[in-house]
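Heads up: the sequence lines are chains U and E, in that order. Quick note on numbering: the first sequence equals residues 1 to 477 in our numbering. Quick note on numbering: the second sequence equals residues 1 to 328 in our numbering.
Everything labelled a hint here was simulated from the structure, so no lab data went into it. Beta carbons: idealized from backbone N, C-alpha and C, even for Gly. Possibly wrong hints are sitting among the right ones.
To be verified - Listed next, the stretches of chain E that the computed footprint assigns to chain U, with coverage defined by at least 3 CB atoms under 8 Å from CB atoms of chain U:
#, region
1, 89 to 100
2, 198 to 209
3, 278 to 289
Unchecked claim - Only part of the chain E face toward chain U is listed, based on derived beta-carbon distances under 7 Å:
#, residue
4, V58
5, W65
6, P69
7, Y80
8, L84
9, L189
10, A292
11, F293
12, M294
Stated by the list, open to error - Calculated Cβ distances over 10 Å to all of chain U for the following chain E residues:
#, residue
13, L15
14, L18
15, T33
16, G52
17, L195
18, M216
19, F226
20, G264
These are the residues of each chain, in order.
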Amino acid sequence: MNVTALLLSRLQFAFTISFHIIFPSFTIGLAAWLTVLEALHLRTGRQVYRVLFEFWLKIFGVAFGLGVVSGIVMGFQFGTNWSVLSRMSGPIQGPLLSYETFTAFYLEASFFGILLFGRSRVPPWFYLFSTAMVALGTTLSAFWIMANNSWMQAPVGYVIQNGMFVPNDWLKIIFSPVLWVRFPHMLLASYITGAFCVAATGAWYALRGVFSAEARIMLRMGLYLAALLVPMQIVFGHLTGDYVHDYQPAKFAAIEGRWHDEQPASEVLLAIPDSASESNKYAISVPVLGSLIGSMSLHSKEVGLTDFPRANRPPVVIPFFAFRVMVGCGLAMLLLAWVGTYLSRKGRIEQSRLLLWLTFLSFPLPFIATLTGWFTAEVGRQPWTVYGLLRTADSVTPFLTARTALTSLIVYCAVYTFIFAFGIFYIYRLLRAGPVGGVLVQPAGATPARPMSIVDEVPAASAGDVPTAMHPVTWTK
Amino acid sequence: MVIFWVSVLALSILLYVLLDGFDLGVGILFGLTRDDGRRHALMSAVAPVWDGNETWLVVAGVVLWGAFPVVYATLFSALYLPLLLMLAGLILRGVAFEFRHKTRRLRWVWDAAFSGGSIVAAFMQGMMVGALVEGLPMSHGEYSGGEFGWLSPFTVICGVGLSLGYTLLGACWLIRKCDAEVRASAYRLIPYLSLALLVFFVTVFVYALSEHLRVMGRWFERPYLFAFPLVAATAAIVLAASVRHRRDGPPFYMGALIFAAAFGTFAATFWPYMIPFSITVDQAAAPHSSLAFMFWGEGLFVLPLMLIYTAISYRVFRGKVQSDPHHD
Chain U
1 MNVTALLLSR LQFAFTISFH IIFPSFTIGL AAWLTVLEAL HLRTGRQVYR
51 VLFEFWLKIF GVAFGLGVVS GIVMGFQFGT NWSVLSRMSG PIQGPLLSYE
101 TFTAFYLEAS FFGILLFGRS RVPPWFYLFS TAMVALGTTL SAFWIMANNS
151 WMQAPVGYVI QNGMFVPNDW LKIIFSPVLW VRFPHMLLAS YITGAFCVAA
201 TGAWYALRGV FSAEARIMLR MGLYLAALLV PMQIVFGHLT GDYVHDYQPA
251 KFAAIEGRWH DEQPASEVLL AIPDSASESN KYAISVPVLG SLIGSMSLHS
301 KEVGLTDFPR ANRPPVVIPF FAFRVMVGCG LAMLLLAWVG TYLSRKGRIE
351 QSRLLLWLTF LSFPLPFIAT LTGWFTAEVG RQPWTVYGLL RTADSVTPFL
401 TARTALTSLI VYCAVYTFIF AFGIFYIYRL LRAGPVGGVL VQPAGATPAR
451 PMSIVDEVPA ASAGDVPTAM HPVTWTK
Chain E
1 MVIFWVSVLA LSILLYVLLD GFDLGVGILF GLTRDDGRRH ALMSAVAPVW
51 DGNETWLVVA GVVLWGAFPV VYATLFSALY LPLLLMLAGL ILRGVAFEFR
101 HKTRRLRWVW DAAFSGGSIV AAFMQGMMVG ALVEGLPMSH GEYSGGEFGW
151 LSPFTVICGV GLSLGYTLLG ACWLIRKCDA EVRASAYRLI PYLSLALLVF
201 FVTVFVYALS EHLRVMGRWF ERPYLFAFPL VAATAAIVLA ASVRHRRDGP
251 PFYMGALIFA AAFGTFAATF WPYMIPFSIT VDQAAAPHSS LAFMFWGEGL
301 FVLPLMLIYT AISYRVFRGK VQSDPHHD
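All chains, please: the whole structure from these sequences, using the hints.
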């Protein structure tokens with residue numbers, strides 16, 4: 001393959017967005033979890049919920065900060081590497097993404113400040129309200145991003161004038177049916193990510209025999225929630241598949257590994273797709289199931305890739321395998337959540353070290369599922385950026401040279417690897433330490449604008465005088 | 001509608017330059033001292049506000065994309081490398097605020113990231129402004145300058161100039177926020193910085209005259225432009241007087257006024273062009289349906305809230321930072 005500016009720009013986008021999505025998908029779930037904890041604390045008055053709240057708030061702070069930092073690059077990258085796309089679709093993508101900055105930033109920043117400083121200054125119900133507003137902020141952010149991406153996947157509500165996509169019906173864009181299955185799909189993914197991270201942390205402490213009260217709650221709540229949400233996620237996953245089937249048949253065929261029209265269609269469970277011979281090797285398939293999944297019918301004809309000219313086909317291998325990895329992770333999580341919930345109802349979960357180990361080791365599963373889900377969606381929509389209307393090859397900045405693109409790819413890789421290695425190490429350190437020291441003393445150095453500063457260990461003496469003097473000099477060593 | 005969004009864009013850029021300007025300046029000054037106590041004070045003077053300051057850059061970016069997509073696409077792709085380096089600088093200096101306190105052994109790494117990132121970001125911003133003033137190579141509304149079309153002796157001078165300007169603003173901020181040795185050395189530094197800045201202005205002026213930059217013609221067509229340097233000169237005189245009498249309040253506002261005057265000069269000189277002398281505001285504006293969609297939600301309701309929020313957070317963190325009793 002020729003190393004072109006186009007290929008390098010795609011690699012750069014894939015790298016930066018993949019790194020970025022890890023953090024929001026974690027924090028959206030965590031913000032909801034914090035809201036639940038605070039509500040439980042308010043209702044039951046039990047201190048353990050408060051301890052857990054303060055503990056997860058610290059982890060939220062670091063992950064949130066890394067999400068913000070990696071998100072800034074995204075806003076510039078459309079312009080630098082994809083100038084044709086950003087000019088043509090700017091009238092639609094620009095307003096959607098500007099809404100994200102305006103609404104999500106405002107909610108998150110102002111109410112996160114109250115979470116850090118406001119405990120003693122606002123009534124308890126307002127503190128709970130602030131937690132919910134932070135959760136709403138992260139959710140709104142996800143909404144606008146999904147609105148933007150869904151418009152690119154299934155463009156609606158536009159006319160083309162002077163080489164631009166001009167919006168003529170915002171209601172259609174905001175209430176696109178595609179958006180309203182994909183947004184819940186992403187939201188559920190985030191909640192499940194949060195649930196598994198919480199459960200895995202509980203399992204870790206249970207295995208080590210520390211923080212048993214907290215571990216118990218985390219393990220149970222995480223697994224129960226997952227046991228409810230994973231089946232819902234499978235339903236929304238199926239609905240998402242339906243939209244792909246109807247709006248993006250070439251992507252659907254690539255995911256299914258279906259090269260030729262079939263009636264009734266079989267479902268390929270596993271195979272090695274080969275684009276050169278336009279066939280699958282070592283295929284394991286189930287007859288008729290393909291029609292059933294695609295059209296809920298026993299006889300339907302399902303479209304194969306060879307119906308589309310080669311220039312309009314997505315690459316097959318990545319969507320095909322990414323989709324199967326995602327589904328595999330989903331099924332593994334379902335099994336784990338259900339068995340775990342069952343054992344916990346029987347009161348035997350703490351004795352089952354095998355299940356605790358599996359739960360502990362399961363924390364990468366939701367992240368892998370989210371990433372591979374996005375790989376399926378984004379690689380599968382190739383060769384288009386705006387589906388069926390604008391090709392990826394025509395979207396890239398026309399005068400961008402391979403040398404420049406390579407430079408930026410290397411710089412981003414280096415900077416991201418550097419800062420994320422440290423960030424993840426700090427999250428690990430917090431998790432390993434556990435909810436120690438009971439309720440956190442609010443650090444004077446921490447500010448709403450600097451979420452990560454809450455992690456610093458502040459000497460209690462200097463943090464006592466927070467209310468009057470949020471003087472930032474009481475830094476921590 | 002177009003005028004509304006031009007104003008929002010101008011406001012967010014101006015706020016960015018004034019606010020992130022002083023904290024980038026403090027970052028540059030950070031590199032000039034080795035003493036850990038002073039470094040600590042410098043960082044504390046901007047720590048509570050830097051992140052909010054930087055948000056105005058993101059706001060300006062998305063408003064530019066939504067309201068003026070042609071300029072967003074043209075400018076950002078043309079300024080590929082300076083933007084890349086600016087972002088890398090901003091990221092590194094941003095995480096340094098947090099990470100330098102998590103390690104003793106590797107603190108020097110984050111200190112270097114903080115001052116280095118600040119200088120790189122300031123310098124790149126200066127170069128980009130310079131490239132706009134000098135005029136990016138454009139043909140038929142498209143950028144045609146290649147990888148380094150933005151690079152010239154003039155833009156390098158502008159990079160140095162903006163870094164100096166930010167440093168001046170940073171020193172004025174330190175006078176407001178700090179005590180003792182930090183405040184005293186900021187006072188000592190300001191005359192030198194002002195002098196260097198004056199030299200910069202003269203150099204730019206001579207260069208612009210000798211190269212017959214098209215910008216200069218505007219000054220004869222629009223004599224009211226001379227009001228801006230007049231404002232700046234007045235501000236400079238007040239600045240000098242308050243530095244002489246060691247009055248902590250006014251210098252920062254005077255520094256900000258000088259910047260605002262410079263910004264006003266650019267805006268009024270180039271109007272109605274957004275990319276000087278090739279793309280006008282009206283040519284660049286997004287269709288009415290896009291501007292109206294943005295106006296009725298984020299423009300009318302969220303923007304005022306954001307401004308109030310910024311004002312409140314500065315009010316909360318007003319006053320001098322106290323020296324750290326637990327300092328190591």
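Going through the hints against the structure:
1. 89 to 100: Per the Cβ count (8), the hint holds.
2. 198 to 209: With 0 residues closer than 8 Å to chain U, the region 198 to 209 of chain E misses the three-residue bar; violated.
3. 278 to 289: Coverage by chain U holds for the region 278 to 289 of chain E (3 residues, Cβ < 8 Å).
4. V58: OK, holds: V58/E within 7 Å of chain U, min 6 Å.
5. W65: holds (4 Å)
6. P69: Where the cut-off is 7 Å and the nearest Cβ of chain U is about 2 Å from P69/E, the hint holds.
7. Y80: This hint holds: Y80/E lies near chain U, its Cβ roughly 5 Å from the closest one there, short of 7 Å.
8. L84: Hint holds; L84/E Cβ to chain U Cβ min 5 Å, cut 7 Å.
9. L189: violated (21 Å)
10. A292: With a closest approach of 9 Å, the A292/E hint is violated.
11. F293: At 5 Å from the nearest chain U Cβ, F293/E passes the 7 Å test, so the hint holds.
12. M294: Check passed: Cβ of M294/E comes within 5 Å of chain U, closer than 7 Å.
13. L15: Nearest chain U Cβ is 14 Å from L15/E, so the label holds.
14. L18: Consistent with the label, L18/E stays out of reach of chain U, its closest Cβ about 16 Å off (over 10 Å).
15. T33: holds (16 Å)
16. G52: violated (4 Å)
17. L195: L195/E is indeed farther than 10 Å from all Cβ atoms of chain U, at 32 Å.
18. M216: holds (29 Å)
19. F226: Label holds. Min Cβ-Cβ 35 Å, cutoff 10 Å.
20. G264: holds (25 Å)
When the structure is compared with the earlier hints, violations turn up for hints 2, 9, 10 and 16 and for no others.
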